[in-house]
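Chains A and B supply the protein sequences, listed in that same order. If you want the numbering used here, it's the position in the first sequence, counting the first as 1, plus 37. If you want the numbering used here, it's the position in the second sequence, counting the first as 1, plus 37.
Certain hints may be false.
Claimed, not checked - Rough simulated footprint, nothing fancy, chain B against chain A, three-plus residues with beta-carbon under 8 angstroms: (1) 141-154; (2) 157-164; (3) 207-220; (4) 251-265.
Unchecked claim - Rough simulated footprint, nothing fancy, chain B against chain A, three-plus residues with beta-carbon under 8 angstroms: (5) 167-174; (6) 179-188; (7) 225-234; (8) 337-345.
Calculated from the structure, these hints are not laboratory results. C-beta: ideal position from N, C-alpha, C; glycine also.
There are 2 protein chains.
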Amino acid sequence: MDEGDFQGRLAATGEAVETILGELLAARPLAGEIGRPERLIEAMRYATLGGGKRLRPFLVVEAARVFGANGPGVLRAAASVEFIHCYSLVHDDLPAMDNDDLRRGRPTTHREYDEATATLVGDSLLTLAFDVLSDAATDPEPAIRVELVACLARASGIGGMAGGQMLDLEAEGRFVAERAPLALTEEEILRLQAMKTGALLTASAEMGAVIGRADKDGRAALRRYGNLLGQAFQIADDLLDVESDAATMGKATGKDSAMGKATLVGLWGIEAARERLAALVAESEKSVECLGGKAEVLKQAARFVAERKS
Amino acid sequence: MDEGDFQGRLAATGEAVETILGELLAARPLAGEIGRPERLIEAMRYATLGGGKRLRPFLVVEAARVFGANGPGVLRAAASVEFIHCYSLVHDDLPAMDNDDLRRGRPTTHREYDEATATLVGDSLLTLAFDVLSDAATDPEPAIRVELVACLARASGIGGMAGGQMLDLEAEGRFVAERAPLALTEEEILRLQAMKTGALLTASAEMGAVIGRADKDGRAALRRYGNLLGQAFQIADDLLDVESDAATMGKATGKDSAMGKATLVGLWGIEAARERLAALVAESEKSVECLGGKAEVLKQAARFVAERKS
Chain A
38 MDEGDFQGRL AATGEAVETI LGELLAARPL AGEIGRPERL IEAMRYATLG GGKRLRPFLV
98 VEAARVFGAN GPGVLRAAAS VEFIHCYSLV HDDLPAMDND DLRRGRPTTH REYDEATATL
158 VGDSLLTLAF DVLSDAATDP EPAIRVELVA CLARASGIGG MAGGQMLDLE AEGRFVAERA
218 PLALTEEEIL RLQAMKTGAL LTASAEMGAV IGRADKDGRA ALRRYGNLLG QAFQIADDLL
278 DVESDAATMG KATGKDSAMG KATLVGLWGI EAARERLAAL VAESEKSVEC LGGKAEVLKQ
338 AARFVAERKS
Chain B
38 MDEGDFQGRL AATGEAVETI LGELLAARPL AGEIGRPERL IEAMRYATLG GGKRLRPFLV
98 VEAARVFGAN GPGVLRAAAS VEFIHCYSLV HDDLPAMDND DLRRGRPTTH REYDEATATL
158 VGDSLLTLAF DVLSDAATDP EPAIRVELVA CLARASGIGG MAGGQMLDLE AEGRFVAERA
218 PLALTEEEIL RLQAMKTGAL LTASAEMGAV IGRADKDGRA ALRRYGNLLG QAFQIADDLL
278 DVESDAATMG KATGKDSAMG KATLVGLWGI EAARERLAAL VAESEKSVEC LGGKAEVLKQ
338 AARFVAERKS
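Start from the sequences, fold in the hints, and give me the full structure.
Shown next as C-alpha cells:
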C-alpha cells in the first residue's frame, strides 16, 4: 500500500466515522432517554462533527481489521473514543483551563455557545461514549462490551487523560504563587504525555484488538504499538508547535515555547527530537511485525503520525 | 421496622458507602493507571467524602437486598452512582453554571481549589463511575456489569441528568437576551425534573434490581418506584427551598423564588404541593407492594424522602 492509498483509507474511515457520529448525535432521543435538549445536542454536534483527522477512531478500526473484525460495531467503538477525545478538547479549551478561542479553525465551543453549555457538552459526550459501548449494537457479547468500557474508562480518567491534563496545568505553574512554568525532568514530561495523550491512543489500538477477539499476545502487541505511537505523536506535536504556524494548524501555535512550557523538544533540541521520533516510528513498526502483512496499515499510520504537517 | 431502625440502617449504609468511596479514591493508582496526580485525587476526595445522605447508594443497596443481593459488589455499584451524583454537584456549582460557594456547609470544590481542578474533578469522577462498574470486582458476570453501565450512562447523559441541567439553565433565561426566568408549563417542569433529578434516582433503584438478578417484573417495579420517588424528592426539595434556611440546608436556600424560577410549588402553592407529595409517597409504596415484606425499607425510604428536613 503506497502513501496515496493510505491517505485514501484514512479519509474513507474518517467519512464513515463522521456518519456514525452524526447518527449517534441525532436530535431524536434514544430509548430510555427522556429528551435531548435542542441547544445541547446542537452544541455537541458542533464540538464533534466536521473536523479532525479522526486518528483515534482510525486506530480502532485498523487494529480491529488486523484481527478480522469490521462492521458497524467496530465503528461504534471507534466513535466512542472520538467522543472522549472531543469532550477533552471542549473542556481543555475552557477559560479556566487552557483558555483557547480557536479549534480546528473555528471558535471553540464555549466561544460559539457559552461556558455552561460547553461544560455540559463535555460531560454529555463523555457519558455518551460509555452509553454507546454498553449497547448491544456495539458487540453481541457482553464480555467484549464491558472490556471496551474498562479499557476506555481506565485510559480517560484520573490515571490517564484527565490526570495528564491536571499534571499539564501544574507544569504551567498554575497552582504555585509565582505562576511560572515548572522545570520538569525528562521522566516527568514523559509521564505527563503518557497520561494526557498516550493513554487514549493506546486504548484506541487496544480496543480494536479487544473487539477483534485478539489473543493475549495480539492484544499486548497492540498495546505496545499504541504506546509507542503515542510517544511519537507527542514529539511530532511539539515539533509542529515550534515549526508550524497558526494558519496550518487551525489553532494557536508557538504557545508552548512562548509560555516557557517544558517539552521534550525544548529539552533535547529539534535535531535530537527528530532522531528520537524516527526511532519511535521504527519501534512502532517492529511492535506489530508479529502480526504479519495485515499490520501494514498500522505501520503506515505510525509514519503518518510522525510526518503529518498539521 | 420503625423510624429509628430505618435511620440506623440509612446511617450504616452511609458508613459502608463512605468506606468504599474512600478505597476507590485511594492515592495509589489502580492496575493500568499511569498515576494519580496528588492534587486531583485530593480534590476528588474533598468533593466526595464526608458528607451527604448517600440516598442514591442507599437505594441501590436496598433495591439489591430485595432480590437477595448484598456484599462488596453491590457497594461498588452504589459508589458508582454516588460518583456521578458528586460529579454533577461539582460541575453544577461552577461559576459558569449555578455559581455556588457553599455545599454541605463547606466551600464548593472550585472555591476550595480552583475552577480548572473542579472541572477535572467532575470529569474524573464521572469516568471513575464507569471504570468501577466495568471491573470484575463489581460482579462476576459481564452481562450484569455491562447492564449496570448502560443503566447509569443512559440516566446521566444528555437524555437524563446532564440534559436536565441544560433545561434548568435555559429555564433561568440564561440564553435569551433578557435573562429573565422563563414561565415553564407544569409539563415542562416535570420533564426538566425527571431528567435532572429523577433519572439518576430511577437508575439507582433499577441498578439494584439488575445486580440482584430481578426478573422483568421486579425490575419494572423498581423503575416505577424510582420514578415516583424522584418526583417526590423534587417536590420535597422545592418545599425545603421555600421553608428552610441556609443553616439547616448547608447551602443557599430561597434561591429558586428569589430568582423567580419556575417550580411546581410556585405553580401549585404550598398546600397543593404537600398533597401531591403525600400522593406520590403512597404511589411509591404501592409500586413495590408486589415484592412483599422485603420491600418495607424501600417504602420507608419514600416516606423519608418526603419528610426530610435537609
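Query raised in the report: Does the structure break any of the earlier hints, and which numbers would those be?
Result: Going through the list in order, the structure violates hints 4 and 8 and respects the others.
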